[in-house]
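**Student:** Single-letter residue listing:
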Amino acid sequence: MRIQIFVGTGGVGKTSVAAAAALKTALGGSKCLVLTIDPARRLRTALGIDSRRTPAHIPTSDSPSPQSPQPGLEQRIPLDSLGGKGELWAALLDVGETLNRSVRTYAQPEQAKVVLAHPIYHVLLESLAGMQELMAVERMDQALRDGFEEIFIDTAPSRHAFEFVDKPEFFAELVSFPLVRLVGRTYRWWERLGLARVGRKSFELYTRVEEMLGATLVRQILEFFSVFRSIAEGYARRARRTLALLRDPRTASFVIVTTPFKAKRDGDYFCEEMAKRKFPVGALVVNRVWPPLDVRLEPNSPPALQETVAWYRNVSQAHQRLWEQAATSFAGRIPKLVQVPELSQDIDGLAALHRISQIIEL
Amino acid sequence: MPTPAGPLPLTILCGKGGVGKTTLSLALALRHADQGRTALVVTSHPLPELAVSVSLTGLKEKHPVAAGNLFVIHLNPREILDGQVKQQIPSQLLADAVLSSRIYQSLIEVAPGLKELAFLSQLQKLTEERASAPGSEAARKFDLLVWDAPATGHFLQTLKVSRNFDIYLSGPFALLGKQLTHFFSEPSHYALLPVTTLEEMAVEETIELCQKLGEELAMRPRAILCNLTSPLLAASGAAAAESARAMSSEGTTNPDLQFILDRSAIERSLFERLRASVETEFRTVEREPRWETDLDLLLAVSRRLEGLPDN
Chain A
1 MRIQIFVGTG
11 GVGKTSVAAA
21 AALKTALGGS
31 KCLVLTIDPA
41 RRLRTALGID
51 SRRTPAHIPT
61 SDSPSPQSPQ
71 PGLEQRIPLD
81 SLGGKGELWA
91 ALLDVGETLN
101 RSVRTYAQPE
111 QAKVVLAHPI
121 YHVLLESLAG
131 MQELMAVERM
141 DQALRDGFEE
151 IFIDTAPSRH
161 AFEFVDKPEF
171 FAELVSFPLV
181 RLVGRTYRWW
191 ERLGLARVGR
201 KSFELYTRVE
211 EMLGATLVRQ
221 ILEFFSVFRS
231 IAEGYARRAR
241 RTLALLRDPR
251 TASFVIVTTP
261 FKAKRDGDYF
271 CEEMAKRKFP
281 VGALVVNRVW
291 PPLDVRLEPN
301 SPPALQETVA
311 WYRNVSQAHQ
321 RLWEQAATSF
331 AGRIPKLVQV
341 PELSQDIDGL
351 AALHRISQII
361 EL
Chain B
1 MPTPAGPLPL
11 TILCGKGGVG
21 KTTLSLALAL
31 RHADQGRTAL
41 VVTSHPLPEL
51 AVSVSLTGLK
61 EKHPVAAGNL
71 FVIHLNPREI
81 LDGQVKQQIP
91 SQLLADAVLS
101 SRIYQSLIEV
111 APGLKELAFL
121 SQLQKLTEER
131 ASAPGSEAAR
141 KFDLLVWDAP
151 ATGHFLQTLK
161 VSRNFDIYLS
171 GPFALLGKQL
181 THFFSEPSHY
191 ALLPVTTLEE
201 MAVEETIELC
211 QKLGEELAMR
221 PRAILCNLTS
231 PLLAASGAAA
241 AESARAMSSE
251 GTTNPDLQFI
261 LDRSAIERSL
271 FERLRASVET
281 EFRTVEREPR
291 WETDLDLLLA
301 VSRRLEGLPD
311 N
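Line by line, the protein sequences give chains A and B. FYI, the numbering for the first sequence is 1 to 362, going by this note's numbering. FYI, the numbering for the second sequence is 1 to 311, going by this note's numbering.
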């Protein structure tokens, strides 16, 4: 079992690189899953992922029972044309679906019903910062349970992509404060008798906070978290386990994906952040490197053409120089340094991924 | 030096991650600062992180005027919220007790939209203080206010959440929400400038962003900034066509020229797709092929942003 996590800033092509790496491994005979956040349209087609974005819907009491399967969550990509022995599956990381599935799997049916129908649950899915990352960890756990041998995951396009690992107990912490423990579903009763139990000071503070934020909001939150608490604690346990796997170089490897202009800074930044968190960095991929361009024009070519060619040559020279700088700078610090050339756009979809997969060795 | 007729609108640079929002925000502010106007960039990046990506080293020596007029801050929503709570509670002692209580700390972490609301109302306050008090200290302080917004998803969420707030809220924060809705209902108060590169994902995301802004928030962009373009894109139609013809006659035999031809064709078609999908003005910001320092880059870019934003 191996997990590769692709990190990088926005727009560097993490998903393509992750998918190509998965394709390569699948062609070698493994059962692979590539988990992606938000791939481009053409990549969606290549990966066979439904092109409509699944909204984080509000589950109702009509939602499937806890035992029912989740159809269409993972799509198998046929590899027959490439002569593949293994399996390649792709799935979109859907924050709503992942959390729904956890609630259905780990909560008592009665509890799940209350949580899934609660207005705060819906808002929580949409608005909690870092929810996507929290759910990525949960989704990894689900994928391992589903029997995938190799998981390739591309993270949210942000420098904060792995801040979540600092707080696996996030949910549990949120819901552990004494007030929520006390209130439960009897919070109306508590309102009258609570003073004696929580003490005057806490009660006064609670009243103040309630005035500040509005009583409805505060009560809804308290009510929700009193039910959600055990689910959150279960989540924290699984997250700790998954994070231990991610820290073990035998099971996990982080791949930094970047582009020539960002290579040095991204490499330094992510190396440092991951060293802080004790994550193993396996490779640096510099994506979309323009080839050296050798174009000689007739002296009487149109000026706009001359200008354009000169501009392209300048940019491509910069790419070559920056790649060499990065390669020198990270040699010895990162085990594998890989350059992926900018592909000409006449190939598309699975063919393009196959081409990249032949270049990269991660 | 042209002086704007009235206060400049709150200028919002939004868009996909990695398209250059921060660079263009700084360049835009630098332009105004260099022309003698005070400019404040409110960035979504914490400053130490910002320093990793952009450095203003050398500004004081080379451009003392700009250095005196340019301000960059990161507003921490949590600190703003705490500040607003302090204002609401007259007793310092009680305010501190509330702020340090676990009840408050846990609640604001999970209270949906509260931090976003606090952040936006602070932006609104900074904008309106200038408008309502011309000649005052605040007005002189920032002629231009630029919000270097977070990437698309979080940006839309920030705007939306503050509007849907009244479902839950009563009390002082509900009032802030109402003021905010009022502020954004007047298009002259803000200049929305989505930034994009001419790459497939960025263009798709920009189109989707503009649709959502229109449908869900009734907000329209003043202009779309196409960043990192090639010179061919900005060339006149005739010159571009001539170049393309000249290239394609040779391109098929020379793979390097073919590469240029392919890239140019992709860029052009994405630009056309964007123009067909969003009805607004377009500005291209050509990619600088080389630069020495970050400051040089910002200055070069800033020259391409002349006249933005209009009031």
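FYI, nobody ran anything at the bench for these hints, they're computed from the structure. Don't take each hint at face value.
Negatives, chain B to chain A, calculated, CB over 10 Å [what the hints assert, rightly or not]:
#, residue
1, Ala-191
2, Thr-197
3, Arg-304
Mimicking DSBU-like on lysine-lysine, the simulated pairs with C-alpha atoms at most 30 Å apart in a straight line are [to be verified]:
#, chain 1, residue 1, chain 2, residue 2
4, B, Lys-115, B, Lys-86
5, A, Lys-276, B, Lys-178
6, B, Lys-160, B, Lys-178
7, B, Lys-178, B, Lys-115
8, B, Lys-62, A, Lys-113
9, A, Lys-113, B, Lys-160
10, A, Lys-278, A, Lys-336
11, B, Lys-115, A, Lys-264
12, A, Lys-264, B, Lys-178
All residues carry an ideal CB built from backbone N, CA and C; glycine is no exception.
**Student:** A separate judgement is required for each hint: does it hold in the structure or not?
**Tutor:** Consistency of the hints with the structure:
1. Every Cβ of chain A is farther than 10 Å from the Cβ of Ala-191 (chain B); the closest lies at roughly 23 Å, confirming the non-interface assignment.
2. Listed as a non-interface residue, Thr-197 (chain B) fails to keep its Cβ farther than 10 Å from every Cβ of chain A; the least gap is roughly 7 Å.
3. The beta carbon of Arg-304 (chain B) sits about 14 Å from the closest Cβ of chain A, which is more than 10 Å, so the claim that it is off the interface holds.
4. Using a Cα cut-off of 30 Å, the hinted pair Lys-115 (chain B) and Lys-86 (chain B) holds, with the two alpha carbons roughly 15 Å apart.
5. Under the criterion of a C-alpha separation no larger than 30 Å, the hint pairing Lys-276 (chain A) with Lys-178 (chain B) is inconsistent with the structure, at around 43 Å.
6. For a cut-off of 30 Å, the pair hint linking Lys-160 (chain B) to Lys-178 (chain B) stands: about 13 Å separates their Cα positions.
7. Our distance criterion of 30 Å between C-alpha atoms is met by Lys-178 (chain B) and Lys-115 (chain B), whose separation comes to about 16 Å.
8. For the hint linking Lys-62 (chain B) to Lys-113 (chain A), the alpha-carbon distance of about 64 Å lies beyond 30 Å, and the restraint is violated.
9. Of the pairs offered as hints, the one joining Lys-113 (chain A) and Lys-160 (chain B) holds, with about 27 Å between alpha carbons and a cut-off of 30 Å not exceeded.
10. Taken as a hint, the Lys-278 (chain A) and Lys-336 (chain A) pair is honoured in the structure, with Cα atoms around 18 Å apart against an allowance of 30 Å.
11. Straight-line distance between C-alpha atoms of Lys-115 (chain B) and Lys-264 (chain A) comes to about 34 Å, which puts the hinted pair past the 30 Å bound.
12. Taking the CA atoms of Lys-264 (chain A) and Lys-178 (chain B), the gap is near 45 Å; set against the 30 Å cutoff, the hint is violated.
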